[in-house]
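*Asks:* All chains, please: the whole structure from these sequences, using the hints.
As they're listed, the protein sequences go chains A and B. Residues in the first sequence are numbered consecutively from 1, following the numbering used here. Residues in the second sequence are numbered consecutively from 1, following the numbering used here.
Hints listed in this document are in silico derivations from the structure and should not be mistaken for laboratory results. All figures in this text were calculated on a predicted structure; none of them were measured in a lab. For every residue, glycine included, the Cβ atom is placed at its ideal position computed from N, Cα and C. One thing to keep in mind: the hints can contain errors.
[To be verified] Label pairs and their in silico Cβ distance ranges: (1) B:A75 - A:A281: 35 to 45 Å; (2) B:E57 - A:A416: 35 to 45 Å; (3) B:E57 - A:P415: 54 to 64 Å; (4) B:E371 - A:P339: 48 to 58 Å; (5) A:A281 - B:A56: 20 to 30 Å; (6) B:E231 - A:P415: 56 to 66 Å; (7) A:R411 - B:R138: 20 to 30 Å.
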Amino acid sequence: MSNGARIDALLAGPVRAINIGLAGFARDLAACGAEVAQVDWAPPAGGKPELLAALERLAAMESAIAAANQAVIERVLAAEPVLAGVHRADELIPALAERRLVLHTGPPLGWREMCGPLRGAVCGALVFEGWAADLTAAERLAASGEIAFSPNHHHGAVGPMTGITTRSMPLLVVENRVGLAKGGGNRAFCALNEGLGKVMRFGGNDAEVLARLAWLRDEFGPLLGRALELAGGIALGPLIARGLAMGDEMHQRNVACTSLFLRAIAPSMAAGGGPLEKAFAFIAGNDQFFLNIAMAMGKSMLDPARGVAGSTIVTAMSRNGTEFGIRVAGTGERWFTAPVEMPQGLFFPGFSAADANPDIGDSAILEAVGLGAFAMAAAPAVAGFIGAGGFADALAYTRAMAEIAVARNPRWTIPALEFSGTATGIDVRRVIETGIAPAINTGIAHRRAGVGQVGAGVARAPLACFEQALLALGDAAGR
Amino acid sequence: MPLVVNRVEQGRYLDSVALMRVSRRLEALPGVLGAAVMIGTPSNRALMRDAGLLAAEGQAAGPNDLVIAVLAQDAAAGRAALDFALQSMHEKDKGSTATFARARSLGGALESLAQANLALISVPGEYAAREARRALERGLHVMLFSDNVPLEAEVELKRLAGEKGLLMMGPDCGTALIAGTPVAFANAVPRGDIGIVSASGTGLQEVSSLIARLGGGVSHGIGVGGRDLDERVGALATLAALEALDQDESTAKIIVISKPPSPAVARRVLERVKRLHKPSEVCFLGSKEPGLARTLTDVSERATGKKIAPFRSRLKKGKRRAVGLFCGGTLCAEAELIFGGRRGHRFIDLGDDEFTRGRPHPMIEPELRNEHIAAALKDPRVGLLLVDVVLGYGSHENPAAVLAQNDLSSKVVIASVTGTDGDPQGYSRQVAILRSAGVVVAPSSARAAELAASLVS
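*Replies:* Pasting the structure below:
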């Protein structure tokens with residue numbers, strides 16, 4: 001285009017303005033009939049000089065970073081996740097067979113740093129595995145140093161809330177089958193969802209909780225695993241696409257996907273046989289059954305992006321109830337952590353914010369892959385958790401999350417946003433520039449061990465995690 | 001004596017989130033000690049029982065029923081809470097009613113307005129160049145309202161805009177009229193065939209308003225920022241704007257307005273003006289160059305081919321000291337020029353950095369000028385006060401009334417009003433307010449200064 005031609009296009013009108021700064025100008029432009037969008041500006045990076053310097057260093061390498069991020073996005077969007085089976089954890093994760101190891105949610109931490117519900121779940125698991133006779137003995141054992149702790153994420157796994165994984169638990173296996181024929185492909189695991197109320201993922205550990213886990217291990221897990229093998233696996237990408245159109249965001253609301261999954265697996269369950277009535281009732285009675293499948297899917301999609309040099313895209317977000325941790329493609333295995341925040345939300349009768357445990361769970365993998373709060377506009381029913389609670393708020397959340405993501409997933413679209421794709425690929429740089437912390441739809445556990453879920457709401461990822469990640473990326477760029 | 005009241009709505013389903021919100025609102029009611037609204041599943045009933053909220057009625061509810069459970073101080077509070085719960089479940093949420101999309105970043109705003117063609121930027125000066133560069137890189141024309149932008153950054157931005165064929169208006173550009181749309185501090189001016197390039201915001205406002213009041217109209221008013229005709233910037237934006245207006249089909253005549261540029265830049269601009277295909281008028285305030293318009297009024301009259309109606313005042317000439325207190329910097333400079341170096345008179349631009357650091361501009365908040373006006377009115381040595389009132393978008397909603405808060409009848413007060421009847425404040429309404437306060441309102445800024453100059457010895 002020749003110089004001047006573009007100015008002619010402006011003068012031909014009409015003015016369509018982006019107003020960055022004083023909102024009064026936007027109001028006047030709108031009053032004059034001009035189309036206008038307002039940028040509620042704040043100093044980038046909160047005006048912190050060291051962060052601005054890191055952003056500048058990274059800006060100097062923009063084309064290399066953009067290429068790395070593009071490679072990450074291609075890997076994530078090319079994924080073909082399939083729920084393939086259910087197996088005992090120690091068959092999938094050799095380390096669990098080698099020693100008395102307990103896998104947990106979030107970045108690494110020791111027994112002493114663990115919050116109430118995480119300790120409660122650990123103790124329940126020690127009894128469940130027969131390593132301790134009762135909860136009191138379990139607590140002594142956990143504190144003794146004879147039990148090893150390690151994050152799920154370090155073993156290809158994720159788990160909701162406390163996310164406790166031990167050797168005999170049945171795990172869902174999601175295979176990312178892209179490139180499988182050429183020796184590629186990767187797997188991710190997640191425990192089975194136990195249902196609502198008093199459950200181990202919320203720190204529950206009494207006899208009822210352990211009995212349910214035993215049933216999952218001995219009866220339901222093998223039954224579902226057999227059905228999945230007979231079915232040749234259930235492709236998850238298309239199922240998620242339909243769930244989004246039916247009002248799920250896959251984190252707080254999984255009622256559509258659970259129903260779709262049950263419909264898809266029912267014939268194979270019937271063919272596989274076994275005590276079906278109880279198995280069907282278990283899936284049908286738990287709107288969140290699909291949550292754990294979605295989480296393993298998210299992990300299987302994001303893991304191939306880990307270690308893409310130069311990329312500023314987040315590959316995992318997770319919380320252990322004490323610290324929030326993120327991993328970034330360009331920095332590989334490293335966690336950037338900061339103290340977790342309190343979720344804001346609504347509480348079951350008899351409970352209040354005073355009972356709430358700080359943010360916890362590997363389930364933020366869903367937001368990292370573009371679901372949960374990033375897809376809130378698909379799930380108006382979830383909007384109430386965010387305070388004022390109108391549908392407009394759900395739209396605002398999803399739009400805000402889109403500002404910190406570099407791509408849109410063309411396979412997963414949101415009807416209420418003109419079928420635009422879910423925001424995918426959180427860019428550390430954009431989080432810092434805009435000051436928009438990723439939002440996470442979450443359940444809320446009681447702060448004491450053994451009580452269970454007390455509410456649900458929205459939490460924010462602490463900006464401090466992203467600040468550290470940015471500085472590390474900036475240092476790497478400076479070298 | 002506190003009591004538990006339950007009500008069961010059969011066959012009623014509401015999303016659990018909606019129900020939790022109703023519960024929370026119930027708990028806030030006077031006389032309510034606890035409340036829950038839930039579907040009557042066994043686990044929910046157990047929750048309500050544990051919370052001491054379940055009565056026999058609720059105990060009998062099933063999974064397709066809705067249970068409203070309240071622990072109230074007395075029966076009346078309980079009944080009121082049940083009624084409130086039923087009522088709030090029928091309510092619909094009010095959506096937000098913003099008339100334009102809001103975002104936190106340029107990228108976010110572009111998602112909702114993908115066809116945007118202009119970025120209007122008013123952020124602190126130290127960040128302004130960064131935002132402007134990003135907007136240019138996204139292919140947007142830029143109007144940079146911010147000041148305190150380093151000169152080197154201005155040159156870099158204008159060069160980048162030039163490479164991309166984009167318009168870079170500013171920094172320190174307060175006014176533009178693009179295709180009939182007033183942008184930032186600008187007036188409601190009818191569209192017409194006169195195109196304006198201006199290095200002065202209030203200069204552009206005065207000239208476009210005068211053109212409107214003379215019956216003409218403006219195709220575009222392009223602001224270029226106060227430093228564009230500085231030697232080091234070299235009129236990059238002015239030359240680009242002249243080129244665009246020369247090609248623009250809606251423009252038949254072209255006006256250039258600036259405070260005196262450096263001689264070399266003035267030459268370059270005047271040479272370019274000479275080569276325009278369209279008739280043009282230039283006002284470089286204070287320039288001695290022959291053929292140029294002397295005042296903002298002069299250039300407006302030349303461009304429209306019409307004269308402002310003769311204006312007379314019955315005031316007698318006397319030995320007075322004049323004080324000019326201005327909101328518009330260019331209007332202040334014009335008045336000073338018209339006084340032609342006569343000594344003993346003072347002209348103050350209250351929009352200057354010295355007065356606006358940490359405070360709003362007097363066009364936005366004219367009350368800030370009142371302390372200076374009150375002081376001048378009290379000063380026995382001051383015999384005449386000259387003021388400007390600038391209307392339009394961005395300006396205060398009723399600046400004449402703010403001015404009239406002073407007792408203006410004790411001295412000779414001469415004012416000009418920059419604006420049109422289409423402005424939110426209304427030119428005629430503002431003039432009437434000033435006249436009834438005893439102010440002599442001249443038909444233009446130059447006429448006001450000329451009258452003032454004729455009344456002092």
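*Asks:* Each hint: holds or not?
*Replies:* Verification of the supplied hints:
no. : hint                        : result
1   : B:A75 - A:A281: 35 to 45 Å  : holds (41 Å)
2   : B:E57 - A:A416: 35 to 45 Å  : holds (39 Å)
3   : B:E57 - A:P415: 54 to 64 Å  : violated (40 Å)
4   : B:E371 - A:P339: 48 to 58 Å : holds (50 Å)
5   : A:A281 - B:A56: 20 to 30 Å  : holds (28 Å)
6   : B:E231 - A:P415: 56 to 66 Å : holds (58 Å)
7   : A:R411 - B:R138: 20 to 30 Å : holds (27 Å)
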